[in-house]
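Take a look at the letters that make up each chain.
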Amino acid sequence: MRALTWHGKHDVRVDTVDDPEILNPRDAIIKITSTAICGSDLHLYDGYIPTMQAGDILGHEFMGEVVETGPGSTLVKGQRVVVPFTIACGSCYHCGKHQYSACDNGNPADNQDIGQEMYGQPMSGLFGYSHLTGGYAGGQAEYVRVPFSDVGPIVVPDGLDDDEVLFLSDILPTGWQAAENADIEPGDTVAVWGCGPVGLFAVQSAFLMGAARVIAIDHFPHRLELARKFGAETINFEQSKTYEALMEMTGGIGPDAVIDAVGLEAHGFFVDNVIDQIKASLFLGTDRTHSIRQAIHACRKGGRVSMPAVYGGFVDKFPLGAFMEKGLTLKTGQTSVQHYMPALLNAIVEGKIDTTFLISHRMSLEDAPKGYKMFHDNQNEVTKIVLKPDFAVAAE
Amino acid sequence: MTIVKDDAPAATSKSHDVREAGTQTLIDPKGDQLIGRSVTINRPRAELYAYWRDFAQLPTFLDNVERIDVLSDTRSHWVVKAPAGKTVEWDAIITEDVEGELIAWASEDGADIPNSGRIEFRDAGARGTIVTATISYDPPAGVVGKVIAKLFQREPAIQARRDLRRFKQLMETGEVATAAWTQKQLDEEKA
Chain A
10 MRALTWHGKH DVRVDTVDDP EILNPRDAII KITSTAICGS DLHLYDGYIP
60 TMQAGDILGH EFMGEVVETG PGSTLVKGQR VVVPFTIACG SCYHCGKHQY
110 SACDNGNPAD NQDIGQEMYG QPMSGLFGYS HLTGGYAGGQ AEYVRVPFSD
160 VGPIVVPDGL DDDEVLFLSD ILPTGWQAAE NADIEPGDTV AVWGCGPVGL
210 FAVQSAFLMG AARVIAIDHF PHRLELARKF GAETINFEQS KTYEALMEMT
260 GGIGPDAVID AVGLEAHGFF VDNVIDQIKA SLFLGTDRTH SIRQAIHACR
310 KGGRVSMPAV YGGFVDKFPL GAFMEKGLTL KTGQTSVQHY MPALLNAIVE
360 GKIDTTFLIS HRMSLEDAPK GYKMFHDNQN EVTKIVLKPD FAVAAE
Chain B
3 MTIVKDDAPA ATSKSHDVRE AGTQTLIDPK GDQLIGRSVT INRPRAELYA
53 YWRDFAQLPT FLDNVERIDV LSDTRSHWVV KAPAGKTVEW DAIITEDVEG
103 ELIAWASEDG ADIPNSGRIE FRDAGARGTI VTATISYDPP AGVVGKVIAK
153 LFQREPAIQA RRDLRRFKQL METGEVATAA WTQKQLDEEK A
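Chains as they are written, first to last, in the numbering used here: chain A, 10 to 405; chain B, 3 to 193.
Hints are not guaranteed to be accurate.
[What the hints assert, rightly or not] Simulated restraints on C-beta separations:
#1 A:Gly129 - B:Pro61: 45 to 55 Å
#2 A:Asn355 - B:Val20: 49 to 59 Å
#3 B:Thr14 - A:Arg22: 41 to 51 Å
#4 A:Met333 - B:Asp19: 37 to 47 Å
#5 B:Pro61 - A:Asn387: 51 to 61 Å
#6 B:Glu101 - A:Thr341: 43 to 53 Å
#7 A:Tyr128 - B:Thr14: 14 to 24 Å
#8 B:Thr62 - A:Val164: 27 to 37 Å
#9 B:Lys83 - A:Asp28: 25 to 35 Å
[To be verified] Here are the simulated SDA-like cross-link-like pairs (lysine to any residue), alpha carbons at most 20 Å apart as the crow flies:
#10 B:Lys192 - A:Pro34
#11 A:Lys106 - B:Ala126
#12 A:Lys397 - A:Val23
#13 B:Lys186 - A:Ala63
#14 B:Lys186 - A:Glu30
#15 A:Lys106 - B:Ala135
#16 B:Lys186 - A:Gly64
#17 B:Lys186 - A:Asp122
#18 B:Lys192 - A:Lys106
#19 A:Lys106 - B:Ile105
#20 A:Lys40 - B:Thr42
#21 A:Lys106 - B:Gly127
#22 B:Lys192 - A:Asp122
#23 B:Lys186 - A:Lys397
#24 B:Lys186 - A:Asp27
#25 A:Lys106 - B:Arg129
#26 B:Lys186 - A:Lys106
Quick caveat, the hints were computed from the structure, so don't treat them as lab data. Note that beta-carbon positions come from the ideal geometry of N, C-alpha and C, so glycine has one too.
Construct all of the structure, not just a fragment, from the sequences and the given hints.
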């Protein structure tokens, strides 16, 4: 089969690799019909995530048709399914509590060592996202092996296009969980840092959960425009002082809840931020600041901090004093996709949530390396790229 | 230094003597190297005990054990992978057996690597069963053997933790998780 493989920083290729096979009873093989490039795939593309190996197949947002099942799978050949990016067994203690992203068993035993050493407890398995989370082959391919297929994939009802349901695999539940983690009360003002897909879904979700106002913060005009379409007020941090603007917009109180949907590439311990710091010290840069620090600084006393953004290691100068003195609460974590899928699928069927607005580009799997470069170079215009294996290759 | 008693398991003591003394109360020591590891498995105690009691099944999750032949109700023959494609072998005898609670075994005289082990099963309420493995062994050719073993990822402390995770996966999910996507890759992983 053809698959998008990682070979190093800014080096991804479409290679011919072996087709996947059923290896465990609960496995299924899915023929991919649509798969997206996630913002977090850019962290891999930029070489920020450790434990990647040359030849790893990327992709954790995908859906397709069931073509083969193991004896323990509950899926049926021919069904269309969306697959959660978190690999969860459904039978451990954490899965029993619907904390699917904390599943004890999704990550192979040997790979659990890395998480155990780095974080104190091993992480669950994820598709196509380094060996820290299992080393599973991802879905930017023609076919994929899906373990625990009786627990994860959700069957798509007839009449819904791929584009309408694909984002159930990650970013829609992630945006929804971000809003849920903000413990929104009716009438609240919620501030969201980052208007990427997760931030935009968090905006929609926050309104559905009763927020009176949502204030979206970014510097890409096109992304801010999308946030405004969903009823958010916006702050362009290149034009306005974010903390001052938030305080004025909330009558000096600060937002009741803040959501950091930016993540590690905006933060202190990775290369681009070191460059930002150098730029800032030479007065060459913008006033781009670290979103989580700013979010904590702006949040009202007794407010809630939700952090869907992906972090990997240690962060310097975390404002622990402000956090304690203001009595804030922080909730975060990888998304328990399986927990949210059924309700969010209903919301899509009922027309309460729109997902298709996000897709800016559709292209062939063969064009995936071009897609990565486009997404990396132009995050204003490129909000979401969906790859389709049967799509025609674009002319040069 | 006076040792003040606390409630931490002996296997986690900073003192070599305390670790050794603690383990000696549990098993028949076969050497210096002692390992204690616990894992919580979301299944009933009796079921876990029953699976473990049939030694022939253990190679399903004990990754470096090639096979175990059951010779009688209490005796078994172990064939274990060693570095550089070699194997080591020994006969083991069950030294203690309390149904649903614990199984202890020890290698008999003439073992390539003298060793002994004990597996205990304790109720953990709604969380299932706490399974604790205690293993004592005499590493092959001392320090050099251990360094070689570590290079080959057969270092027993790491191996024990991984084996317990695989036991948990098998008992909770009915299968051992793998990221391989072809049978060939899976076979290479297991080799």
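Hint-by-hint comparison with the structure:
1. Against the hinted window of 45 to 55 Å, the Cβ-Cβ separation of A:Gly129 and B:Pro61 comes to about 30 Å, which falls outside the hint.
2. At about 58 Å, the beta-carbon gap between A:Asn355 and B:Val20 stays in the expected band of 49 to 59 Å.
3. Restraint check, B:Thr14 to A:Arg22: a C-beta distance of roughly 47 Å satisfies the suggested window 41 to 51 Å.
4. For the pair A:Met333 and B:Asp19, the supplied restraint of 37 to 47 Å holds, since their beta-carbon distance comes to about 42 Å.
5. In this structure the hint that B:Pro61 and A:Asn387 lie 51 to 61 Å apart at CB holds, the actual value being about 54 Å.
6. The hinted window of 43 to 53 Å between B:Glu101 and A:Thr341 holds, with their beta carbons roughly 45 Å apart.
7. In this structure the supplied range 14 to 24 Å holds for A:Tyr128 paired with B:Thr14, their Cβ-Cβ distance being about 19 Å.
8. A C-beta distance of roughly 32 Å is found between B:Thr62 and A:Val164, which places it inside the suggested range of 27 to 37 Å.
9. A beta carbon spacing of about 30 Å between B:Lys83 and A:Asp28 agrees with the range 25 to 35 Å that was offered as a hint.
10. Between B:Lys192 and A:Pro34 the CA atoms are separated by roughly 18 Å; this keeps the pair inside 20 Å, and the hint holds.
11. Between the alpha carbons of A:Lys106 and B:Ala126 the distance comes to roughly 16 Å, so the proposed pair stays at or under 20 Å and holds.
12. Taken as a hint, the A:Lys397 and A:Val23 pair is honoured in the structure, with Cα atoms around 13 Å apart against an allowance of 20 Å.
13. About 18 Å separates the Cα atoms of B:Lys186 and A:Ala63, which keeps this hinted pair within 20 Å; it holds.
14. Taking the CA atoms of B:Lys186 and A:Glu30, the gap is near 10 Å; set against the 20 Å cutoff, the hint holds.
15. Between the alpha carbons of A:Lys106 and B:Ala135 the distance comes to roughly 27 Å, so the proposed pair goes past 20 Å and is violated.
16. Between B:Lys186 and A:Gly64 the CA atoms are separated by roughly 16 Å; this keeps the pair inside 20 Å, and the hint holds.
17. Note on B:Lys186 and A:Asp122: the hinted pairing is violated, with a Cα-Cα distance of about 24 Å set against a maximum of 20 Å.
18. For the hint linking B:Lys192 to A:Lys106, the alpha-carbon distance of about 32 Å lies beyond 20 Å, and the restraint is violated.
19. A C-alpha spacing of about 32 Å is found between A:Lys106 and B:Ile105, which places the hinted pair above 20 Å, so the restraint is violated.
20. Distance hint between A:Lys40 and B:Thr42 is unfulfilled; the C-alpha atoms sit about 36 Å from each other, more than 20 Å.
21. A hinted pair counts as satisfied when its Cα atoms are at most 20 Å apart, and A:Lys106 with B:Gly127 qualifies at roughly 15 Å.
22. About 17 Å separates the Cα atoms of B:Lys192 and A:Asp122, which keeps this hinted pair within 20 Å; it holds.
23. Restraint check: the Cα-Cα separation between B:Lys186 and A:Lys397 comes to about 28 Å, which exceeds 20 Å; the hinted pair is violated.
24. Taking the CA atoms of B:Lys186 and A:Asp27, the gap is near 10 Å; set against the 20 Å cutoff, the hint holds.
25. Between A:Lys106 and B:Arg129 the alpha-carbon distance is near 11 Å, which keeps this suggested pair within the 20 Å criterion.
26. Between B:Lys186 and A:Lys106 the alpha-carbon distance is near 36 Å, which puts this suggested pair outside the 20 Å criterion.
Consistency with the previously given hints fails for numbers 1, 15, 17, 18, 19, 20, 23 and 26, ordered from lowest to highest.
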